[in-house]
Amino acid sequence: MSEINREAVAHLARLAHIEMTNDELDKMAGELDVIVDSIKSVSEVAGEDIPATSHPIPLTNVFREDVVGQTLTNEEALSGAPDNAAGRFKVPAILDEE
Amino acid sequence: MSELITSSAAQLAAKLAAREVTAVEVTQAHLDRINEVDGAINAFLHVNTDEALQVAADVDKARAAGEDLHELAGVPIAIKDLIVTKGQPTTAGSKMLEGWMSPYDATVISKIRAARMPMLGKTNLDEFAMGSSTEHSAYGPTHNPWDLDRIPGGSGGGSAAAVAAFEAPLALGTDTGGSIRQPAAVTGSVGVKPTYGGVSRYGAIAMASSLDQIGPVSRTVLDAALLQEVIGGHDPRDSTSLTDPVGSLADAARNGNVAGMRIGIVKELQGEGYEAGVQARFNESVEMLRDAGAEIVEVSCPNFKYALGAYYLIMPSEASSNLAKYDGVRYGMRELPAEPPLTIERVMSATRAAGFGDEVKRRIILGTYALSAGYYDAYYGSAQKVRTLIQRDFDAAFAQADVLISPTSPNTAFKLGEKLDDPLAMYLNDIATIPANMAGIPGISIPGGLSDGLPVGIQFLAPAREDIRLYRAGAALEGMLEQKWGGPLLASAPVLGGVK
Amino acid sequence: MSVYIQDETLSFEEAMEKYDPVLGFEVHVELNTKTKMFSDAPNIFGDEPNTAVTPVDLGMPGVLPVVNKKAVEYSILIGLALNCKIAESCTFARKQYFYPDTPKNFQTSQYEDPIAYDGYLDIELEDGTVFRVEIERAHMEEDAGKLTHMGGATGRIQGADFSLVDYNRAGVPLVEIVTKPIEGAGSRAPELAKAYVAAIREIVKNLGVSDAKMERGNVRCDANVSLRPYGQEKFGTRSETKNVNSLRAVERAVRFEIQRHAAVLDSGNAIVQETRHWHEDTRSTTSGRPKSDADDYRYFPEPDLVPVVTSKEWIEELRAQLPEPPAERRKRLKEDWGYSDAEFRDVVNAGVMEAIEETIAAGASAQVARKWWMGEVARRAKEAEVDPIDVGVTPELIVELDRLVQAGKINDKLARQVLDGVLAGEGTPEEVIDKRGLAVVSDDGPLLEAIDAALAAQPDVADKIRGGKVQAVGAIVGGVMKATRGQADAGRVRELILERLGVQG
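Residue numbers (the UniProt record's numbering), protein chains in the order written: chain A, 1 to 98; chain B, 1 to 500; chain C, 1 to 505.
Calculated from the structure, these hints are not laboratory results. All of these numbers come straight from a predicted model, not from anything done at the bench. There could be a bad hint or two in this list.
[As the list claims (entries may be wrong)] Simulated restraints on C-beta separations: (1) Lys85/C with Arg254/B: 52 to 58 Å; (2) Ser300/B with Asn5/A: 58 to 64 Å; (3) Ser41/A with Gly487/B: 42 to 48 Å; (4) Val34/A with Thr282/C: 42 to 48 Å; (5) Glu48/C with Ala354/B: 53 to 59 Å.
[Stated by the list, open to error] Computed list of chain B residues with no C-beta within reach of chain A, every gap over 10 Å: (6) Ala18; (7) Gly39; (8) Leu53; (9) Ala65; (10) Arg113; (11) Arg150; (12) Gly260; (13) Ala292; (14) Met333; (15) Pro337; (16) Arg352; (17) Leu366; (18) Lys415; (19) Lys484.
Ideal placement from N, C-alpha and C gives every residue a C-beta, glycine not left out.
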């Protein structure tokens with residue numbers, strides 16, 4: 001079995017910004033353990049000499065000219081916002097960092 | 001049942017052009033059908049009645065005025081609710097985006113508007129396209145028109161079911177690991193995943209950017225070709241969009257022919273793990289193609305056995321990143337933490353806890369794991385190398401064959417709830433469709449007959465940019481099968497009697 | 001809630017006696033392209049909030065980035081100007097962290113393969129010493145939006161009730177320039193820090209790729225400082241001071257951190273690896289966030305963008321567009337203007353080299369231009385505690401004043417009064433002369449009276465002049481000028497005196 005336990009999932013959940021109860025962490029740890037175990041073989045297949053593929057169809061140098069296009073209005077920009085004020089998105093205080 | 005809803009898109013286009021019917025009549029007939037059966041199917045999350053009828057009325061007016069119209073003008077279409085649309089809500093099947101209205105149209109939607117095809121509404125899907133059964137939708141599962149107790153496939157179960165239940169002649173889907181082809185297979189419809197970059201992804205809500213592709217869902221190969229011609233082509237808003245011309249797909253579909261074509265059977269995409277009925281229908285199709293003059297060869301893709309594992313590293317990795325933006329700040333839902341303090345960090349975490357379903361969370365956590373410090377090389381990095389190996393397998397296979405053939409899915413539609421608690425069993429549904437996404441190549445699924453009364457899908461795969469071969473081979477097999485059945489497979493679907 | 005604590009510091013001299021500082025800089029340069037890095041929204045400053053945005057800049061569902069070619073070219077130009085190698089092929093990557101000013105909750109940046117790497121910059125210190133700073137890399141990325149903290153007492157994050165987010169700046173193209181560790185600066189570390197950032201600012205301004213205004217955040221500096229005992233090879237633990245956004249602040253922040261580190265090390269404690277925040281008001285840094293396991297950025301290749309491949313032709317085409325490097329330009333200007341080393345260094349340090357260049361271009365001589373900018377203008381700048389170029393004097397004004405002096409309409413002393421009037425908004429120099437009645441006395445009548453009086457007052461001097469000692473005329477001129485309260489044209493006065501005495505000038 002792999003190394004995914006409650007603590008590992010709790011760390012991942014913090015990184016991913018998903019609040020989880022202890023029960024959820026345990027359930028997730030169990031499920032992920034099974035999944036990771038079944039896909040582990042992937043790390044053993046490809047040797048050093050095999051290049052990585054990040055894009056299925058290789059393209060290069062796809063650019064845009066530096067020409068201004070259509071923008072959203074302030075109303076459109078804020079239309080889906082859970083909260084807004086003074087033309088801006090409003091969020092609760094950020095305490096942990098400046 | 002009205003002939004207007006059993007007609008193919010090509011047939012409707014012909015009737016509209018001949019002014020035998022009006023676009024309003026065609027659109028209204030489909031809206032009526034939705035009204036009649038969708039309570040049982042749940043293919044639609046939103047029905048776009050007023051706008052669809054308005055577009056149809058405008059088409060009729062334009063036709064009366066002698067304007068030049070696109071071939072599919074007035075032919076209605078359903079849109080997978082992963083594709084953003086102005087004026088209609090887009091939910092991605094998630095609570096996270098409940099009620100959200102996009103301020104912009106996806107490129108494919110702009111093209112559909114330009115062709116003046118009435119949009120009937122938005123179709124159901126697994127949340128953020130994560131699933132193979134449409135059971136992971138936050139808005140309830142979609143039911144398979146062949147058996148309402150069974151899944152319609154996923155993630156695009158809504159689009160496939162809508163087409164199979166004659167609620168729409170055409171639909172748009174998205175395919176990351178089989179989300180167009182597998183639902184097509186289990187509902188008896190046709191689904192195409194074009195070459196990666198063949199259709200713009202701009203406005204398709206991203207799950208895994210290097211795998212996602214928009215494509216057509218229909219009841220005939222020709223209809224799929226007609227729709228791909230509408231939505232395909234270069235888009236400067238998508239950096240991965242191809243500029244290469246693709247040729248006339250519709251001509252290929254009208255002239256299906258496999259004489260002299262080398263068709264490769266992939267050793268690894270059949271046999272063990274495939275239901276007997278699926279394997280039997282597949283073998284019959286191969287024989288039929290051989291009889292029609294195709295040269296059948298066997299090819300081996302030894303690295304395909306790692307494809308599922310590599311897919312379940314790459315897909316969740318990219319998804320974990322693509323879904324980071326849903327945080328309760330700019331759009332969509334915001335959930336406040338149950339207890340103070342009220343900080344943005346805690347609001348984000350509470351929002352994502354409440355807004356995402358279990359499967360989405362599972363994949364986000366899995367992807368976060370695969371990318372995290374210390375694991376990247378072993379997981380994400382290795383998966384990318386496997387991707388290279390899979391591409392090499394395809395390169396070798398396509399040196400021997402013009403197209404490859406396999407069952408689309410190892411099994412027919414299973415019962416709702418049957419695999420819901422077993423993610424691994426669910427993931428196996430995509431074993432035959434995933435390799436194409438890993439390599440960016442195109443694939444089509446067409447109906448191949450029934451197994452125990454349920455549809456079986458046959459998949460063709462072609463090299464990148466050779467979508468045209470899929471249509472030529474697919475149309476040939478479709479023609480032969482329909483001749484054998486005495487009509488389209490869907491004509492024998494039990495729902496034709498009327499789902500009540 | 002963090003509590004404000006003033007850290008202990010050692011005197012700079014004592015710190016330098018005991019410890020060897022190692023510096024490192026990450027300078028972010030905002031490019032002045034017309035549009036953003038990955039969207040076609042306008043790249044403008046000071047618009048109404050959330051209007052210079054497209055769905056891409058807001059990270060809306062379904063959007064995709066497309067690279068701005070001009071931003072890539074500007075980045076290559078910066079790389080070339082920093083003597084970097086340009087990558088034959090490079091990619092973009094996602095740097096993942098959650099923050100409300102980051103619309104996708106990842107920043108599209110470059111990770112393993114920056115567009116430019118392995119460069120250097122020769123930095124000239126005030127006394128002319130040249131110090132080579134090695135550049136590790138310069139990579140492309142995008143800026144974040146702007147947060148405004150509301151409520152609470154201070155407008156800072158601590159104590160704020162809520163924050164407002166404006167994404168106009170989100171997606172503005174950035175080039176991040178990262179140095180290798182800078183060793184051996186010793187007690188000149190603060191000065192080097194300032195000079196380095198000034199040099200970067202000068203280069204990007206000279207290239208025309210950035211507005212380079214530090215007060216607007218076009219150029220932003222993160223300064224890394226660590227100390228180690230002399231003779232030790234291994235680097236000490238570093239702090240990264242953010243928010244250092246003026247040249248003076250860079251110098252002061254580095255100096256403060258050296259003093260703070262020295263005090264911590266002296267007391268036998270360990271430096272915490274953390275970010276620090278610079279406060280101009282207290283001229284000190286405060287603790288930000290320590291490094292933690294949340295700093296796992298999970299970089300991976302950006303699947304929505306394809307690699308940038310730079311051909312030799314493309315790079316050479318861009319190299320041909322490079323303007324003269326600032327150091328070479330300075331050398332050329334010094335020679336052209338005929339200034340001494342000391343004169344030229346003073347001009348550069350006073351920040352008036354461009355102003356002098358423009359003044360000469362507008363028609364003044366090199367000496368006149370220097371006389372004004374380093375004299376009268378510099379004096380006024382010092383009084384007002386501003387930079388000379390911010391006094392309000394234009395090259396054209398200096399040329400005009402000089403023309404009036406040359407024409408004998410005013411003299412140097414009057415010219416200063418004319419300048420007062422112009423700066424006070426009284427109009428053009430000519431108008432000020434009229435309004436204030438400052439024109440030199442050119443009617444010979446009153447002058448002759450004053451000359452006669454002066455000659456009568458100093459008969460011995462008059463005799464000397466008559467006797468051929470023409471240089472003695474200055475004493476009489478001085479008397480006349482005094483009598484006319486400076487309003488006479490000294491040249492004309494001299495002529496008239498010699499005429500009166502029948503002597504050839």
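Results of checking the hints against the structure:
1. Lys85/C with Arg254/B: 52 to 58 Å: 55 Å, holds
2. Ser300/B with Asn5/A: 58 to 64 Å: 39 Å, violated
3. Ser41/A with Gly487/B: 42 to 48 Å: Because 46 Å falls inside the window, the suggested range holds.
4. Val34/A with Thr282/C: 42 to 48 Å: 56 Å, violated
5. Glu48/C with Ala354/B: 53 to 59 Å: 33 Å, violated
6. Ala18: 39 Å, holds
7. Gly39: About 29 Å separates Gly39/B from the closest Cβ of chain A, which puts it past 10 Å; holds.
8. Leu53: For Leu53/B, whose nearest Cβ neighbour in chain A is about 25 Å away, the distance exceeds 10 Å, so it holds.
9. Ala65: Holds, since 30 Å exceeds 10 Å.
10. Arg113: Arg113/B is indeed farther than 10 Å from all Cβ atoms of chain A, at 16 Å.
11. Arg150: 24 Å, holds
12. Gly260: Holds, because the least Cβ-Cβ distance between Gly260/B and chain A comes to about 28 Å, which exceeds 10 Å.
13. Ala292: 31 Å, holds
14. Met333: Non-interface label fails for Met333/B: nearest chain A Cβ at 7 Å, not farther than 10 Å.
15. Pro337: At about 7 Å from chain A, Pro337/B fails to clear the 10 Å cut-off, so the statement is violated.
16. Arg352: Violated, because the least Cβ-Cβ distance between Arg352/B and chain A comes to about 5 Å, which does not exceed 10 Å.
17. Leu366: At about 6 Å from chain A, Leu366/B fails to clear the 10 Å cut-off, so the statement is violated.
18. Lys415: Its Cβ never comes within 10 Å of chain A, the nearest being 21 Å, so this holds.
19. Lys484: Answer for Lys484/B: holds, closest chain A Cβ roughly 36 Å.
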